[in-house]
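Colleague: Sequence:
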Amino acid sequence: MTNAEIAAAFEQVADLLEFQGSNPFRVRAYRNAARTIEDLPEPVAKIVADPQRSLTDFEGIGKDLAEKVTTLVGTGSLPMLQELLAEIPESVLAILRVPGLGPKRAAVLYRELGIASLDELREACQSEKVRALKGFGAKTEAAILQGLDIASEAQRRILWAQADEQVQAILDHLRPCPAIEQLQPAGSYRRGKDTVGDLDLLAVAKDAKRAMDHFAAYPGVADVLLRGETKMSIRLGTGLQVDLRVVPAESFGAALQYFTGSQAHNIVLRSLAKSRGLKVNEYGVFRGTKAIAGRTEEDVYGALDLPCFPPELREARREFDWAQAGALPRLVELGDIRGDLHAHSTWTDGVATIEEMAAAAKQRGLKYLAITDHSKRVAMVNGLDAKRVRRQWAEIDKLNARLKGITVLKGIEVDILEQGGLDLDDDVLAEADWVVASVHYGQNQPREQITRRVVEALQNPHVSAIAHPTGRMLRQRRPYEIDLEAVFKTARDYGKLLELNAHPVRLDLDDVACAAAKNHGVLVVISTDSHRVDGLGAMRFGIQQARRGGLTKEDVANTRTWTQLKKIVGKR
DNA sequence: GCCGTTTTCGGCCCGACTGTTTTCAGTCG
45 MTNAEIAAAF EQVADLLEFQ GSNPFRVRAY RNAARTIEDL PEPVAKIVAD
95 PQRSLTDFEG IGKDLAEKVT TLVGTGSLPM LQELLAEIPE SVLAILRVPG
145 LGPKRAAVLY RELGIASLDE LREACQSEKV RALKGFGAKT EAAILQGLDI
195 ASEAQRRILW AQADEQVQAI LDHLRPCPAI EQLQPAGSYR RGKDTVGDLD
245 LLAVAKDAKR AMDHFAAYPG VADVLLRGET KMSIRLGTGL QVDLRVVPAE
295 SFGAALQYFT GSQAHNIVLR SLAKSRGLKV NEYGVFRGTK AIAGRTEEDV
345 YGALDLPCFP PELREARREF DWAQAGALPR LVELGDIRGD LHAHSTWTDG
395 VATIEEMAAA AKQRGLKYLA ITDHSKRVAM VNGLDAKRVR RQWAEIDKLN
445 ARLKGITVLK GIEVDILEQG GLDLDDDVLA EADWVVASVH YGQNQPREQI
495 TRRVVEALQN PHVSAIAHPT GRMLRQRRPY EIDLEAVFKT ARDYGKLLEL
545 NAHPVRLDLD DVACAAAKNH GVLVVISTDS HRVDGLGAMR FGIQQARRGG
595 LTKEDVANTR TWTQLKKIVG KR
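Count along the first sequence from 1, add 44, and you get the number used in the numbering used here.
Heads up, a few of these hints could be off.
Calculated lysine to aspartate or glutamate pairs in the EDC-like style (CA-CA distance at most 20 Å, straight line) [claimed, not checked]:
no., residue 1, residue 2
1, Lys431, Glu492
2, Lys148, Glu134
3, Lys107, Asp94
4, Lys90, Asp101
5, Lys253, Glu294
6, Lys610, Asp527
7, Lys275, Asp242
8, Lys173, Asp163
9, Lys148, Glu164
10, Lys173, Glu185
11, Lys411, Asp441
12, Lys253, Asp238
13, Lys442, Asp470
14, Lys253, Glu225
15, Lys442, Glu475
16, Lys250, Glu294
17, Lys148, Glu131
18, Lys411, Glu377
19, Lys420, Asp470
20, Lys411, Asp578
21, Lys90, Asp527
22, Lys406, Glu164
23, Lys411, Glu399
24, Lys90, Asp108
25, Lys431, Asp469
26, Lys323, Asp343
27, Lys431, Glu475
28, Lys406, Glu439
29, Lys275, Asp238
30, Lys275, Asp343
31, Lys610, Glu598
32, Lys148, Glu55
33, Lys183, Glu225
34, Lys250, Asp287
35, Lys431, Asp441
Keep in mind that the hints were calculated from the coordinates and are not lab data.
Go ahead and model the full structure; you've got the sequences and the hints to work with.
Modeller: Here is the structure:
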């Protein structure tokens, strides 16, 4: 069983227990354990199999949950979960996803009216049976019906890049408002999560009412969900929910800290404060009733003797341990990047010439750019055979002779063939500065076969890196199945790199995988896989993920000069 | 169910908003 599957089982247990009205802290214990396991940089099965190690060493996993994990790994199922499912139909869990309905009310609906599915819920609301229940009323009934519509509207998380567009548009709308003095987006958007569920905006305003009126007048607003003194929620026509909070200037830092989250990070922070006789809320840090911090985030963390964590690290993973040890990693930054090592040109499916790409890279301050067009197997895009790639490289040599301030590397994105092996002969690859290998075909093969192909490619002396190693290549396609553990191990043993493809919809090496690579001592290379000049701008998406994975400048290969880098990958 | 510079019991983050209440429970983040 994979970590994700084990985590999902625990999440389901938590949902069911919550529905049953169990001790909320017990529910939280299951959710915490699910998170811990999901974030683990190695397969939990490996830890279980190792007699030297114990699952209870991990945060939030005690004796009981360690046993349950062992059961799940060994048998693939969990008796406790089966028992819960025998008592409660799985379909009721969908009801918990309806906005405004939590475990308490869902349980009343199930107990009093036998409602066990979304369809039954809609039916009961429409026939006005729900309003008769104690604690419910006509307004609640209407709210549930509206919530049902939202739930069925595939209300899923959107990609960070899509959220970014909407954030910028809203900020542009809000900034001219004279009542607003400070404005800052928070939430998972600020933490740079690969996907965003809703947006949180934070403002300091002379006049909260005017600020909210201005917010409500944003042309993209479809619906005002709620509006109070300090908080207002709207839903955009795009389906995205946006919350605006108005806070006093002396609380701005505390509010920014609080609304940036994550929730798990805040829980740890507040517990820590409590153990020191302090209280943290969105208005500040308090000793008794006296505020001792709140204006800036630095003050808030500082009052607790903590460094101001970069938002990307605030996930209650390891940041508090790092801070305690005084060893918070200095995360990689966009400015550290010296070169881009995956780009296409008009020779295959790119839309810009090599020279145009090089000029754009130089303009972005890069010192080198590898042109890695496809090899011949990708016939659809006129992939390069030995003859054409050599012609391209001769042209790059000529180009380099007249370019100043940037070096174009002679690269290739060589296909890892279905039956194994690479799409170009070793004598050709040997002439390249930079070789990325990737799986484009045979993605439905069994896990062992794909793993073998990639591992074999990593063992080829001419290969520099594997592109999209987790197989998350296209948004709409399911990633291929691969034994990442084996890939990390081989990459480490052979001194090869794994590529974090920074395309906004192709986040192939996510934050957890980045952390795992680091854990295995494997360097990551962040590349944009650009097919056009503005594609080079996607580097920032990759940086975000790498930062979330705790990667420093040293963990990312393309922060090196090309001279340093080619020693790492053993090129001439 | 986890956890321990108040350690094996008794805690577990904290506040805003809403609707149905007549002082508060439920939900959300």
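Colleague: Take the hints in turn and mark each one as holding or not.
Modeller: Going down the list of hints, with the structure as the test:
1. Lys431 <-> Glu492: 33 Å, violated
2. Lys148 <-> Glu134: Distance of about 16 Å is within 20 Å: holds.
3. Lys107 <-> Asp94: 16 Å, holds
4. Lys90 <-> Asp101: The given pair, whose Cα atoms are some 14 Å apart, holds under the 20 Å limit.
5. Lys253 <-> Glu294: 19 Å, holds
6. Lys610 <-> Asp527: 28 Å, violated
7. Lys275 <-> Asp242: OK: Lys275 and Asp242 at ~15 Å, within 20 Å.
8. Lys173 <-> Asp163: 14 Å, holds
9. Lys148 <-> Glu164: With a Cα-Cα distance of about 18 Å, the restraint between Lys148 and Glu164 holds, given a limit of 20 Å.
10. Lys173 <-> Glu185: OK: Lys173 and Glu185 at ~9 Å, within 20 Å.
11. Lys411 <-> Asp441: 16 Å, holds
12. Lys253 <-> Asp238: 33 Å, violated
13. Lys442 <-> Asp470: Cα-Cα ~24 Å, so violated.
14. Lys253 <-> Glu225: 14 Å, holds
15. Lys442 <-> Glu475: With a Cα-Cα distance of about 16 Å, the restraint between Lys442 and Glu475 holds, given a limit of 20 Å.
16. Lys250 <-> Glu294: 13 Å, holds
17. Lys148 <-> Glu131: Roughly 17 Å separates the two Cα atoms, so the pair holds.
18. Lys411 <-> Glu377: 16 Å, holds
19. Lys420 <-> Asp470: Holds. Lys420 to Asp470 sits at ~15 Å (cutoff 20 Å).
20. Lys411 <-> Asp578: 17 Å, holds
21. Lys90 <-> Asp527: 12 Å, holds
22. Lys406 <-> Glu164: 60 Å, violated
23. Lys411 <-> Glu399: 14 Å, holds
24. Lys90 <-> Asp108: 19 Å, holds
25. Lys431 <-> Asp469: Since the Cα atoms of Lys431 and Asp469 sit roughly 12 Å apart, the hinted pair holds (cutoff 20 Å).
26. Lys323 <-> Asp343: The hint holds at about 14 Å.
27. Lys431 <-> Glu475: Holds: Lys431 and Glu475 sit about 12 Å apart, inside 20 Å.
28. Lys406 <-> Glu439: 18 Å, holds
29. Lys275 <-> Asp238: 26 Å, violated
30. Lys275 <-> Asp343: 24 Å, violated
31. Lys610 <-> Glu598: 15 Å, holds
32. Lys148 <-> Glu55: Distance ~18 Å between Lys148 and Glu55 Cα, so the pair holds.
33. Lys183 <-> Glu225: Distance of about 36 Å is beyond 20 Å: violated.
34. Lys250 <-> Asp287: 19 Å, holds
35. Lys431 <-> Asp441: 16 Å, holds
Comparing the model with each numbered hint stated earlier shows that hints 1, 6, 12, 13, 22, 29, 30 and 33 do not hold.
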